[in-house]
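Chemist: What follows is each chain in one-letter form.
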Amino acid sequence: MNVPVTFVERAHRGIGNRSTAAGEVGARRMMSHRIAASADYPAMEEMRDQARRIRLYALGHLDELLARFSDEVEGAGGHVHFAADADEAIAYIRKVAEETNVRRIVKSKSMVTEEIHLNAALEAHDLEVVETDLGEFIIQLSGDTPSHIIAPVMHKTRQDVGELFSEKLGIEYTDDPTELNNVARHHLREIFLSADMGISGCNVAIAESGSIVLVTNEGNGRLTTSAPRIHVAVMGMERIVPTLSDAAVILEVLARSATGQRLSVYTNIVTGARRPGDPDGPEEFHVVILDNGRSRVLAGDAAEVLACIRCGACLNVCPVYREAGGHAYGFTYSGPIGAVITPSLMGLAEWHDLPYASSLCGACLDACPVRIDLPGLLLKLRRDAVSEGLGPDGLEGALKWFTRLATNPGMWRGATRAGGWSAKLIARQGWIKSLPGRGSAWTDYRDLPAPAAKPFHARWKERQRES
Amino acid sequence: MPKVQLFVTCLVDSFFPEVGEAVVAVLERHGCTVEFPFDQTCCGQPAFNVGYHDQARAMAEHTIKVLDGTDGTIVVPSGSCADMMINHSPELFQPDDPIHAAAARVARRVKEFSSFLVDDLGITDAGASCEGRTATYHPSCHGFRNLGIRQQPETLLDNVAGLERVELPDAETCCGFGGLFSVEMPELSASIMSTKLTNVEASGADLLVGVDVSCLMHLAGGLRRRSREIEVKHIAEVLAEETRT
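Residue numbers (the numbering used here), protein chains in the order written: chain W, 171 to 637; chain Y, 336 to 580.
Same shape as in the complex, but just chain Y (with noise of 0.2 Å):
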């Protein structure tokens, strides 16, 4: 039974707990050890897309050296946070600090949830019914450009019984979230989101699909204003839903 360690990100730990249940459900159901190095918090990402990299700095190092001393795939459910601790957490150290060292060997373990299903464990089909339900999914960026992530959650969501997944006009636009971009210039990634939820009512869907809770979070404040008629969930909710027999 293969280990994984999760990591969980500070959003899902503090706002979207039930998403954190559903990724150690579904990984248990496929035969997975999960554990949870408790004293994660924040992998650093919203300081260093700012700019700020002694506080980003800071927040890797601590991300670190929690999961350094662990074994096994950390899975993480998302892909902006998974491309951070694979792509800039090193960077931040220079090549002669141990921590360096460290945070190329973390990165190489880290992987986003629904890659990890499809590509590690070679599920396609995760075993979950949604019945009478539409799904679009959405593919953010960092996750999307920078991991090829896309192909793993929307195969897995085709093979959720009794659901029908549609796609997503002009799919690959930003939704304009954009860590603390959203606050930052707020006005302009409500007006982003403003397109990318038209596209989703276009879609037909009656749920909205992603891997990053925090593009998620955006979408589902902004349809709240819109309309109660779209779901949103993280892929891992959908595939923890019920399980066929």
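So that you can see chain W by itself, here it is in the shape it has in the complex (with noise of 0.2 Å):
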């Protein structure tokens, strides 16, 4: 089987099946809970605008608050690796779980640790590590990647659930999502139990504290964060805020526009390790703060899609999402923020097609909690993408040739007549219904109208002599 290179293959691969279709239910579902649950607080205008502002500030002032946060992490006991890239990062981990004897890793949900391929690098170290988050468990037993930042198995139902559980956990079939819960959270807990350490991402920093705040709906951060002897959590350098009512301020926004909720069921604000006299919580607290790309896009002109949360809100509206899957975008951010940081963080050789995976639409800018302007980062990227050389294939002649056209107001005339008189060869009733060559790309789904005969200039100009 081919492994699909670019987004267009990608895509088609998800375009009409039953995964993505199963996708965009969750996607719509989402998207409404997301409208009601703004509705429903009237600060929520002002709260998005004020999110906006925090995140901003921080991307303005991240050496300082990095400092900061790393002093106060330090102070209350923890320790802080700053990891250039995935290499890094990886080689920190590995080296704190030999020099602690871990065997078993449990992770809470982290798109960070997705991003730099930290299981697979892991277990290639005869580490073993289980992903306790439910989508994330389903994730790992299927051998999958996730098709959306906070509901990871959106493309899949409950039958497909209930046919991998019993499969892989010897269960008898079932696709009763209750009972299939009660069956992870029962293979789960054993595992809570015998775990050497917890790995968990970092919704938000909290700098003038040295905090990390998680936020699940399942109870399993901090479980991940408490019950091991090592917590490790990864964070991307551009998570941290200054205080913590401006963790509230986030808080307030991200799980009303991730699944509607005014807040998720369970928030955890971490600080260092267990103190003389805790009666839990690890020995040993870690953080690692990644950069992996993003001092180089903090220094760009795209350096607002930083401010993202993660909240997922861009790709439940997106038409291109919906229709393609979130398996399409090729890499584990999805949706239009994946289209903007993907490239963004891994760079336009490799992913000069994605920033053309929209339509512009714009909605995505609609929902977005702190306003990110993803079309217009979308258009930077093209931009970026064509300077490089590396803009869609065969489009540069035809807008070179265009362009003349349209930069000549005699030659566009004639041209338009000339369009208008040639249609009339292969035009019925003023529809053209196929198209050679790359034409075929739109008669292949739909009629094209045939250029005029006589077009508007002309038909001014006769006016004009008529008068």
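Simulated from the structure, these hints should not be mistaken for lab results. A virtual CB, placed ideally from N, CA and C, is assigned to each residue, including glycine. Please note that a few of the clues may not be correct.
[As the list claims (entries may be wrong)] Listed next, the stretches of chain Y that the computed footprint assigns to chain W, with coverage defined by at least 3 CB atoms under 8 Å from CB atoms of chain W: (1) 366-374; (2) 521-528; (3) 551-559.
[Stated by the list, open to error] From the structure, some residues in chain W lie toward chain Y, with a derived Cβ separation under 10 Å: (4) V175; (5) A181; (6) Y343; (7) D346; (8) P347; (9) R466; (10) L468; (11) A469; (12) C488; (13) R541; (14) P545; (15) A555; (16) T586.
Each of the two chains sits in its own frame; use the hints to bring them together as a complex.
Modeler: Written out as structure tokens, the structure reads:
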């Protein structure tokens, strides 16, 4: 089987298939939950503005905020490691695991660890890694990848999960969600109790206290961060905000935009390792702060994308995401934010087609709680792709030809008239059903109206003459 | 009598001259003197949206030079071309480039056709009639999201005698056209279109109306492969159709 390398090839696999349809149902449901939750919260628009200000402030003061955060984490008995890239992050986590005799690792949901392919890297060194977020657990069992930033298995039905659990966990087939939940909970509880290390992501990091904030709906986040001996939090370097009250503003818009909840079921604020007298908590607390291309993005003119709070609202409203499915984006982050952040972080050389995976309809900008100008950023990335010679195949010649006509009115008028005459040869009742070559990209899916025999400017001239 | 400059758009010029004529008819009926800067071509949006700024800049510069010497509101029968001219053309030029200032002058004068009627001329009833028809309105994305155009065309349609306007389910979702997206990713474009057309059919309308011929040509072309029962028209054609006395 060929591995699809372009967005279009991957999208073709998604269009019309059962997984994409399941994902679309989920995306639309989450979208309507967000709209209802926003309508139910009079301060929503103001909170969005505030959240945007906080995020942009943080991006403008990243160095000092991260320095403060780092000091506070260490002051609370934790360790901070700045990782320039995936390899450095992985090497550090492996070193910690080795030094503390870790065999079994539990993880709570984290997109940044997906970004660096952490699981595979740890498993390659004989570490057992178990995802404990139900969605991520299903992804791991099935050898799949997430199709949505916050609902990783939105593309699977409960029947899919029933079949998977019966095959992998040896249970009798059921597609009852409550029973399936119980199976996973039972299975994971044993693993939690015997895990040596917990790896979490970080929804928000608070500079003033060195805390990390985790939101979950399943409680697996607090088990991951408190039951094992060692806790490692991995965060993108842009996750930081200055204060606890800033974090509170982010939380006001995060769950509402993500799932339509006022707040996630669990919000955990984790500060440092276990202190003397604490009843529980890890012996060691490590924070890995990952760059992996973010500094470069921050220095460019698409830095605004780093304001993202990973709510997934832009995915849910995106017609391209809904029709193509999350896997079409080929990397951890999907939808409009993926189309911007993947090429920004990983480079246009490999990902130059992603910025074109949008009709530029702007629904993402409307939905984004921190009002990131995603259509504007897609346009900038397209500009950059073209200037690096990575524009869409075969477009440049056609556009140069079109530009020549459009900047030469006499030629333009001649061409429009010629178009009208030649269309008469292939049009029937004013419509063209089939075009050869690249024109078939239109006529394979819709009829094309024939260019007018007499263009507007010619009609105008006639009218002038008559009057 | 307000003087207006008609920027008809490249698609109307070459594919839908009747839309341009309808725009002229409606504007003149409401007391406008319409001028047509004859050397106009394309605003440059097709190139801009796919990242070809050199080409977009050349076309935008031509458009700006053709329009800058004229006076009056520049009426454009397209939300997305108006959006290009208002929000993007100026930024294609360095601030110290004289074209930048000209682009900004032009941008301030540009107005989409239906919003010109309602917002500038204060017309909510264009005096048209369209007996026995049921219409639904698709708010094309750039006009709707970037210029706030929706209530104006809907009001105009609501006041067409004999025309019933019904809501388009999920109206604010893109139709899948997206300019060159429609031919660069045609299968996706068509897949999004199909959802839109299902909603158009579900609306119960026999007439689909919009303010952008680009989205409408995509939808009309798609509709022809499904059924021939729904007609597609630019709002100017509806407003020009028959005059009530």
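Chemist: Which numbered hints are broken by the structure, listed smallest first?
Modeler: 4, 6, 7, 8, 9, 10, 11 and 13
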